[in-house]
Amino acid sequence: MKFVKAFLSIAVTALLIWRLDCKTGDIPPIGAFLNPSTGFWQNAESKNILATENLKLPGLLDKVIIRYDDNRIPHIFAKNDHDLYYAQGFVTARDRFWEMDIQTREASGRLSEIIGPKTLDLDRYHRRMGMVYGAENTLKGIMANPVTRVMVNAYTDGVNSYIHQLAPKDYPLEFKLLDYEPEEWKPINCAFLLKLMSETLAGGSDQFGMTNNLKRFGAKDVNDLFPDYPFNEDPIIPTGTKWDFKPLPIPKPSADFMAQMTEGIKTKEITPGVGSNNWAISGDKSATGYPILANDPHLNLTFPSIWYQVQLSSPTVNVNGVSLPGAPCIIIGYNQSISWGVTNVDADVLDWYQVKFKDNTKNEYWYNNQWNKVKKRIEVINVLNQKPIIDTVLYTHQGPVVYETADKKPAKGGENIPVGNALRWIAHDESNEFMCFHLLNRGKNYADYRKALTYFTAPAQNFIFASNDKDIAITPNGKFPLKFKDQGKFILDGSDPANDWQGWIPADQNPTVKNPPRGFVSSANQSSTDPSYPYYINWRFEQYYRGKRINDKLSAMHRANVDSMRIMQMDNYSILAQDVLPTMLKYLDTTKMSAQQISAFHIIKLWDKHYAVNSIGASIFDNWWNHFYGMVWDDKFTVKGTYLKYPSYDRTEKLLLTEPNSKWFDIAATSTKETCADIVAHSFYNAVDELVHKHGQPGPKWQWGFIKETYINHLANLPGFGTGIFAAGGRGGVINALRNGNGPSWRMVVQMGPNVKGYGVFPGGESGNPGSFYYDDMYTTWKNGQLNELLFLRSPTEPSVRVKTTLVLN
Amino acid sequence: MLFLIVLILSFASGYFLPWWVVAIAAFLAAFIIGKTPAQAFWSGFAAVFIVWIVLALFKSIPNNHILADRVVQLFPLPHNWLWLLFITAFIGGIVGGMSALSGVLLKKAFAK
Numbered sequence: 000m001k002f003v004k005a006f007l008s009i010a011v012t013a014l015l016i017w018r019l020d021c022k023t024g025d026i027p028p029i030g031a032f033l034n035p036s037t038g039f040w041q042n043a044e045s046k047n048i049l050a051t052e053n054l055k056l057p058g059l060l061d062k063v064i065i066r067y068d069d070n071r072i073p074h075i076f077a078k079n080d081h082d083l084y085y086a087q088g089f090v091t092a093r094d095r096f097w098e099m100d101i102q103t104r105e106a107s108g109r110l111s112e113i114i115g116p117k118t119l120d121l122d123r124y125h126r127r128m129g130m131v132y133g134a135e136n137t138l139k140g141i142m143a144n145p146v147t148r149v150m151v152n153a154y155t156d157g158v159n160s161y162i163h164q165l166a167p168k169d170y171p172l173e174f175k176l177l178d179y180e181p182e183e184w185k186p187i188n189c190a191f192l193l194k195l196m197s198e199t200l201a202g203g204s205d206q207f208g209m210t211n212n213l214k215r216f217g218a219k220d221v222n223d224l225f226p227d228y229p230f231n232e233d234p235i236i237p238t239g240t241k242w243d244f245k246p247l248p249i250p251k252p253s254a255d256f257m258a259q260m261t262e263g264i265k266t267k268e269i270t271p272g273v274g275s276n277n278w279a280i281s282g283d284k285s286a287t288g289y290p291i292l293a294n295d296p297h298l299n300l301t302f303p304s305i306w307y308q309v310q311l312s313s314p315t316v317n318v319n320g321v322s323l324p325g326a327p328c329i330i331i332g333y334n335q336s337i338s339w340g341v342t343n344v345d346a347d348v349l350d351w352y353q354v355k356f357k358d359n360t361k362n363e364y365w366y367n368n369q370w371n372k373v374k375k376r377i378e379v380i381n382v383l384n385q386k387p388i389i390d391t392v393l394y395t396h397q398g399p400v401v402y403e404t405a406d407k408k409p410a411k412g413g414e415n416i417p418v419g420n421a422l423r424w425i426a427h428d429e430s431n432e433f434m435c436f437h438l439l440n441r442g443k444n445y446a447d448y449r450k451a452l453t454y455f456t457a458p459a460q461n462f463i464f465a466s467n468d469k470d471i472a473i474t475p476n477g478k479f480p481l482k483f484k485d486q487g488k489f490i491l492d493g494s495d496p497a498n499d500w501q502g503w504i505p506a507d508q509n510p511t512v513k514n515p516p517r518g519f520v521s522s523a524n525q526s527s528t529d530p531s532y533p534y535y536i537n538w539r540f541e542q543y544y545r546g547k548r549i550n551d552k553l554s555a556m557h558r559a560n561v562d563s564m565r566i567m568q569m570d571n572y573s574i575l576a577q578d579v580l581p582t583m584l585k586y587l588d589t590t591k592m593s594a595q596q597i598s599a600f601h602i603i604k605l606w607d608k609h610y611a612v613n614s615i616g617a618s619i620f621d622n623w624w625n626h627f628y629g630m631v632w633d634d635k636f637t638v639k640g641t642y643l644k645y646p647s648y649d650r651t652e653k654l655l656l657t658e659p660n661s662k663w664f665d666i667a668a669t670s671t672k673e674t675c676a677d678i679v680a681h682s683f684y685n686a687v688d689e690l691v692h693k694h695g696q697p698g699p700k701w702q703w704g705f706i707k708e709t710y711i712n713h714l715a716n717l718p719g720f721g722t723g724i725f726a727a728g729g730r731g732g733v734i735n736a737l738r739n740g741n742g743p744s745w746r747m748v749v750q751m752g753p754n755v756k757g758y759g760v761f762p763g764g765e766s767g768n769p770g771s772f773y774y775d776d777m778y779t780t781w782k783n784g785q786l787n788e789l790l791f792l793r794s795p796t797e798p799s800v801r802v803k804t805t806l807v808l809n
Numbered sequence: 000m001l002f003l004i005v006l007i008l009s010f011a012s013g014y015f016l017p018w019w020v021v022a023i024a025a026f027l028a029a030f031i032i033g034k035t036p037a038q039a040f041w042s043g044f045a046a047v048f049i050v051w052i053v054l055a056l057f058k059s060i061p062n063n064h065i066l067a068d069r070v071v072q073l074f075p076l077p078h079n080w081l082w083l084l085f086i087t088a089f090i091g092g093i094v095g096g097m098s099a100l101s102g103v104l105l106k107k108a109f110a111k
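Protein chains in written order, with numbering that gives the first Met the number 0: chain A, 0 to 809; chain B, 0 to 111.
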């Protein structure tokens, strides 16, 4: 009996400990996570930081001195380039290793290994669209170049030197929460980060929706509603810029393409306004006589941030700015001679090809009037607590067939991906983007900038530039396929060689402009050029709203300084409202309105068109425009069972302003024929009634900052680890393009001159550890529209009150 | 006495050994010097409870509890780090108490 009691007690205790040490579904192992010896309490960083720290690390060639400033931004001084990138890898990993790990897992389709079947569809998608295939090709390009090979290998060694010295109690918090262990960093992980960027910025496609549109509406309507050049435009390369090169012959449209466009075959949602801004003004426009450059890339806002600030210095370089955790070099920044920044080019570098297989074995496909062998690539996806999934992906010469049959598609998402199509994507090609940044980091002048750009493949960026030689320039740059006009606007016939990409636009013929007469260069993802550019880049770009506002402001600017640029980055003025509001108001008749509608009408009539945090007019206009846009298109473009692409705001604006009696205003479900006036009025009533319903009478509760939900979440959406919802101005389509969880991920202004001065801030902090005082210390500065003056040390010994601690690596 | 020994062993192991080592410490100590089941359980419970509070506070006080204040929001608990501290210590206490109880029961089973 006594033994039974003892045995029972031991069994219960053992079971208890076992339960507390094991993960159950999404719940972390409670005992392992909560105990103070190895659990999360160990991640609580002390406010008392050692003034100096010495570490011995294997593989360094010489001593490296790292000075941390008051925002805990590292300023790395190495005696050679190998040690520089080794140290960059080490300090970045120390602050951000979990972020680096989870991002490469996402890109390489390895999330299910640690999370389980929940992420299987996402992993499968990344495998099947060729992320791993593309990263392998990019790695070849990186390793073929001795400079980038040394750089990426040194960076990798630095990351691994951090991982090797970790004891389980030191694991970043998220490893403890998700209950998995850090693994070795590999050079291909650096390439995965580039692929992730390509996916975010150049991984979307309208082709499937456009092809469905063509089948449904016919060529005439599609050409009318989806024109190749917008109604309103203010292109990046100013109109009238001369093209001083002899263009290559443009490929002939394929026979099938022509047929599709002339025969008149019978037969989701766009998110406008998101992108990035950059601009640079010439010395003539600035107070100091030297150029000023500004850049704010708009991306998903997360803690930790996608950016990591760092200064990199060795005998060959001294550069300051932001890096991507997991990749060597500075991506956006400045040195003592030049500064540069980027925004995305909406280039068409992703095309779908309809594949005709010989039979169900899918071993051969029809191309160039013969059967060709299909290549098969096996993808093994490991799944937590389950058997690995083995997936065979078919590759034609164009690329992977992402979803062979409809049942391979995930239940949710992927509606813009056609079935049975091969994907030709620039991110699959061998490339070496790091060489571009290696050269830019060391650039001294315009010629160096131009040379660096020739190494950049994808995702294509508008590279803006300013130098102490008082040059400014901008180049929509990347590797652009040589195409016939509209090639890839619709799904292409994969059997016709005329539909293949026919080579490349020569790098020196990419659109570019240097020191234009207007005294500034700028971009906001709009059309790269006007229609006079001899090559085809895309039929659609981001709309002109932000670009137009930037150009209007800069045209009027004189004796500008850093603060003028900072204020402009926070500008909330809506060009869309400027364009459409007077016309929309004209259609309203107050005699037919309710009391609330009348009071809303009086507010919006006086609205200054700024999406300010406390603006009530902004809320009314925004809701009104959304209702108007929806009333015009929803009944035509939301069709069950088929995925259609909506016309743009730009096209809707043209319809509103110039075609009030268009057939598109008519709602088919009603017996009367609606016109523009009816839709404008009804959308106003609906918009106001909806606001009243949700937020009560017109008043302070209608302020834009409360209506718009703005937040920054933790990368894994952990509750309590982000900012929660906060009130903020801005919107997609205005310069301060802050909406939901997306917006200016880094704001930078650089004043060129003999003593270059940089200013910048990103929402978050340098540390990715939620237990650090530097996890979100820059958030408030960013939210208030302020910038930090960036510390740019000329030498490791330069005295500065802002240097707080020193780390010495041997 | 048992309380003091478990306390010292838990402290000593807390820095470099896996968390469940406290269970072995409480078990062995109770097996050797434990008296009654109640005395063993409460000694083990109190010792580990106190040690875990002290070790957690040792990290959390210099941190101004910013981490504990975030982590507590992952749990269905009021948004105050003290709750997390209490839960942590309670789990440690149960493990320590049950282990000590097991130790003394096994001792009694062997005793004639």
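Hint data in this document are derived by calculation from the structure and do not stem from the laboratory.
Just so it is clear, CB atoms sit at the ideal spot from N, CA and C, and this is done for glycine as well.
Be aware that a few hints might be false.
[Stated by the list, open to error] Computed from the model, here is a short list of chain A residues facing chain B with C-beta under 8 Å:
no. : residue
1   : Ile29
2   : Asn42
3   : Pro798
4   : Val800
Do the hints match the structure? See the list:
Interface hint status for Ile29/A: upheld, as the beta-carbon distance to the closest one in chain B is roughly 7 Å, under 8 Å. For Asn42/A, the interface hint holds, the least distance from its beta-carbon to any beta-carbon of chain B being 6 Å, beneath 8 Å. Taking 8 Å as the C-beta cut-off, the interface hint given for Pro798/A is violated, the closest approach to chain B being about 29 Å. With a least beta-carbon distance of about 24 Å to chain B, the hint placing Val800/A at the interface is violated under the 8 Å criterion.
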